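Student: Per the UniProt record's numbering, the very first residue in the sequence shown carries number 1; after that it's consecutive.
In short, the hints are calculated from the structure, not lab data.
Quick caveat: nothing in here was measured; it's all calculated off a predicted structure.
Yeah, the Cβ is synthetic: ideal placement off N, Cα and C, and Gly gets one too.
Certain hints may be false.
Derived pair list, reagent style DSSO-like, types lysine-lysine, alpha-carbon separation capped at 30 Å [what the hints assert, rightly or not]:
1) Lys108 / Lys51
2) Lys61 / Lys49
3) Lys189 / Lys83
4) Lys61 / Lys203
5) Lys129 / Lys165
6) Lys108 / Lys142
7) Lys189 / Lys51
8) Lys142 / Lys83
9) Lys189 / Lys203
10) Lys49 / Lys165
Per label pair, the in silico range of CB-to-CB distance [to be verified]:
11) Asp31 / Leu184: 34 to 42 Å
12) Leu184 / Tyr141: 37 to 45 Å
13) Cys2 / Gln225: 27 to 35 Å
14) Ser27 / Gln75: 20 to 28 Å
15) Val52 / Ser19: 28 to 36 Å
16) Lys9 / Lys108: 37 to 45 Å
17) Ser27 / Ile78: 21 to 29 Å
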Amino acid sequence: MCNTLRNLKDILWILVEDSTEPSWVVSNILDDCGVPFVHLNIPTPQSEKPKVNEPFWFRPKGILQRNLGLQWLRQNLILGRNKGVLYIADDDNSYNLRIFEEMRGTNKVSTWPVGFAGELPWEGCVTSKNRTHIISMWSVYKPERPFPIDMAGFAVNIDLILQHKNAGFDYKRLRGMQESQFLLDLGLKNWRELEPLADGCRKILVWHTRTAEPLLTLWNKLESQGVIAPPIDDWP
């Protein structure tokens, strides 16, 4: 993340460490990185940590950490005075720097496709021919969700965070509903209200890149049935 963020201007990195106290390793990385930062920490409860042989997607990750980051924003920023956009980044993603520049213009909530998400080669928004508004969402996992998108696939104007002080994340939510409930709590109703970025949702600028083969179970099943994905530019 440091090597990505150090190429950007006017950015604040709020890093929330999953630990009982800030580690010297992370502190040193932040000090050396050169990016303005806030270093917070809160441990994941033992009961919510992944168990042996559980798939990586079985339990929600970063619930308390994300909520602590939201709390910091609400305690330190003032509605109407401080401007900005919140993006919840993760260290298992790869980013094209262009997406960070594009999201700066977010009015409420912007979105874009994410590579290797939802057990598909990509998941996310599909726009009209003129690429100005979203007409559908390409998602197979619980497509009926109000916002069938990945955490890496949207950014939020800070005003919404400050206006809706109870919006956050919860271990008790149904699997796959963290993003949707968060956006509902921010006052949105469904994906039709989202602002398309990445050339009208035709470019993939964010990828899930774990050190393992991408999970494409659903896509393999669809492909065997002759399903064709919506068009995306520059797909290898």
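Student: All hints, please: hold or fail.
Tutor: Structure-based check of each hint:
Of the pairs offered as hints, the one joining Lys108 and Lys51 is violated, with about 37 Å between alpha carbons and a cut-off of 30 Å exceeded. With a C-alpha separation of about 8 Å, the suggested pair Lys61 and Lys49 falls inside the 30 Å cut-off, and the hint holds. For a cut-off of 30 Å, the pair hint linking Lys189 to Lys83 stands: about 23 Å separates their Cα positions. At most 30 Å may separate the alpha-carbon atoms for a hinted pair to count; Lys61 and Lys203 meet this at roughly 27 Å.
A hinted pair counts as satisfied when its Cα atoms are at most 30 Å apart, and Lys129 with Lys165 does not qualify at roughly 37 Å. Of the pairs offered as hints, the one joining Lys108 and Lys142 holds, with about 24 Å between alpha carbons and a cut-off of 30 Å not exceeded. The suggested pairing of Lys189 with Lys51 is violated, with an alpha-carbon distance near 35 Å, which exceeds 30 Å. Straight-line distance between C-alpha atoms of Lys142 and Lys83 comes to about 34 Å, which puts the hinted pair past the 30 Å bound.
With a CA separation close to 25 Å, the supplied pair Lys189 and Lys203 stays within the 30 Å bound. With a C-alpha separation of about 27 Å, the suggested pairing of Lys49 with Lys165 holds against the 30 Å cut-off. Remark: the range hint 34 to 42 Å for Asp31 to Leu184 is upheld by a beta-carbon distance near 38 Å. Between Leu184 and Tyr141 the CB atoms are about 18 Å apart, so this pair departs from the stated range of 37 to 45 Å.
Roughly 43 Å separates the CB atoms of Cys2 and Gln225, a value that falls outside the hinted 27 to 35 Å. Between Ser27 and Gln75 the beta carbon distance is about 21 Å. The supplied range of 20 to 28 Å therefore holds. Distance hint for Val52 and Ser19: a CB-CB separation of about 21 Å, inconsistent with the stated range 28 to 36 Å. For the hinted restraint 37 to 45 Å between Lys9 and Lys108, the CB-CB distance of approximately 23 Å leaves it violated.
Under the hint 21 to 29 Å, the C-beta atoms of Ser27 and Ile78, about 28 Å apart, fit the expected range.
In summary, the numbered hints that this structure violates are 1, 5, 7, 8, 12, 13, 15 and 16.
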